[in-house]
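Undergrad: The primary structure of each chain is shown beneath.
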Amino acid sequence: VGVHADLVARARRGDHDAFEALVDSHYDRLVGIARRILRDAHAAEDAVQDALVHAWRNLRGLRDPARFEAWLGRLLINACRDQVRRARRRPIEVRIETFDRATGDDQARLADRDALERAFLGLPVDQRAALVLTHYLGYNAAEVADLLNVPQGTVYSRLHYGAAAMRAALVTRPVASNPQPEHVQ
Amino acid sequence: VTEPLERDIAAWLRNEPAVANDMGRARTYAAVRATRQRPAWLVPVVEVPRGWPMIIGSLPLLGWLLVAFALTVSLTVAGVLLSDLREEIAPVVDATPTASASPTPSPTRTPSPAPSPSRPPAERFTFQSPLYHYTIELVGNPAAIMPATEAWGALTRWDGLRGEFVDKLGPHLSAISADLTEEMPAETWARAFVPPRVVGTRCRKGGIVMAMDAPKSVWKEVDFNGRSGVMRERCGFLDGVVIAGGRAYLFSLSGPFNLSADSAARAEFLDLIATVEVMD
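So the protein sequences, as listed, match chains Z and C. Just so we're aligned, residue 7 is where the first sequence starts under the numbering used here, counting upward by one. Just so we're aligned, residue 667 is where the second sequence starts under the numbering used here, counting upward by one.
In short, the hints are calculated from the structure, not lab data. Here the structure is a predicted model, which is why all the values come from computation and not from measurement. Virtual Cβ for every residue (Gly too), placed ideally from N, Cα, C. Hints are not guaranteed to be accurate.
Ranges of calculated distance between the beta carbons of each label pair, as one might list FRET restraints [as the list claims (entries may be wrong)]:
#1 C/ALA697 - Z/ARG69: 20 to 28 Å
#2 C/LEU737 - Z/ARG16: 31 to 39 Å
#3 C/ALA744 - Z/ARG69: 31 to 39 Å
#4 C/ARG704 - Z/SER31: 22 to 30 Å
To be clear about the criterion: a stretch of chain Z counts as covered by chain C if any three or more of its residues have a C-beta under 8 Å from a C-beta of chain C, and this derived list gives those stretches [unchecked claim]:
#5 19 to 29
#6 37 to 46
#7 62 to 76
#8 127 to 137
#9 163 to 176
Could you build the full structure based on these sequences and the hints that come with them?
TA: The following block contains the structure:
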């Protein structure tokens, strides 16, 4: 904690090396969170960059160095929200799954994944963030509430509606994606 | 029913790369290094979340807003009180009120009715603009003038910055001129290039007038040392425009109170512009 506080203090005085040392250990995790919220690698990197630039610019106003990580997380969620707004004006990245011969299980798995992807992208960023923080990072509701600066009840609500939307998507996914027996003439 | 779904969601979320791209990291650090930090006083609360409900919850920011509001109210009240006081106890500028402009400069000037004993007697002198091709006779301290150092782009609306200023703390005169691209009447030029004055707290009489209620400018003919020009009176501003020798000249007297309702200020302005000599 002492080293952490010292790095924050040095970064607040304009020391770039200290700032990079401070965020370097968080960088992968930040990109991971953003990537899961945005489902787009480039947008995720842009969001992390925006969050870190914002953090650097405003670091001198940070009163409690111990809150640096929580603050950074909150900035990242805001940056993701901005990215979603901008994403309406640019093409969506599509990840191509390559495999030679799909088995029935592969097809079903892909259909599930596709349904989850579509349902997730239809959620508001706040619900996506709650799901990612809870199910990917393993945060409890209190930790998510602290990071997002909302009451715990709001976190439960976001998780409930987010999961419900994804469940509905799985239930209603197209039957055509189920494997069909192959007939040889 | 929920648990398997949560497991599915967790598994699906884990099925993404967990390591970031090194190029992205380098690009981000380069962007940070190219960014200047804001001074601490500009960032009173760094943990300001977005959204109005969250701003409400941020007491430090709310505190700043309250301080700003209190300061605004205090300054407005102080300005109105000062304006009242000045109108009651002293004329706007220390000059003899003359109801109409004279075509030639007045050779003598009556001193102000009650000069402050600590203030040296005002002296008359001629100021020659280094950039704008005119001279004007002024009263006071020549050192109080801030001559223009940057010429004004004639085709843009006057921004009020690139002129000469006299006595910037009290009522002050600013002047500027520009080459005309084509011949036009003074009023046409004035309407095109002199900004509409925002009517605000300077219009003291009748209360604070909002900008939305600002009437259109009325330019009236006025004499500029034998040349015909136009003049406009708008709350804290008196603007005069004359065209001569292919140039347009703008003289503007402004002050922290309602000049247009002050006959002494109006007379002083007319007296001033009557001393203008343009250098064709």
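Undergrad: Compare the structure with each hint and give your call.
TA: Taking the hints in turn, this is what the structure says about them:
Hint check: C/ALA697 to Z/ARG69, Cβ distance near 25 Å, so the stated range 20 to 28 Å holds. A C-beta distance of roughly 35 Å is found between C/LEU737 and Z/ARG16, which places it inside the suggested range of 31 to 39 Å. For the pair C/ALA744 and Z/ARG69, the beta carbons lie near 33 Å from each other, so the given range of 31 to 39 Å is met. Between C/ARG704 and Z/SER31 the C-beta distance comes to about 25 Å, which sits within the given range of 22 to 30 Å.
Coverage of a stretch by a chain is defined here by at least three residues with a beta carbon nearer than 8 Å to that chain's beta carbons; for the region 19 to 29 of chain Z and chain C the count is 4, and the condition holds. Counting residues of the region 37 to 46 of chain Z whose beta carbon lies closer than 8 Å to any beta carbon of chain C gives 4, which meets the minimum of three for the stated coverage. By the rule of at least three residues with a Cβ nearer than 8 Å to a Cβ of chain C, the coverage given for the region 62 to 76 of chain Z holds, with 9 such residues. Evaluation of the coverage hint for the region 127 to 137 of chain Z: breached, as 1 residues show C-beta separations to chain C shorter than 8 Å, against a requirement of three.
With a threshold of 8 Å between beta carbons, the proposed coverage of the region 163 to 176 of chain Z by chain C holds, since 4 of its residues qualify and at least three are required.
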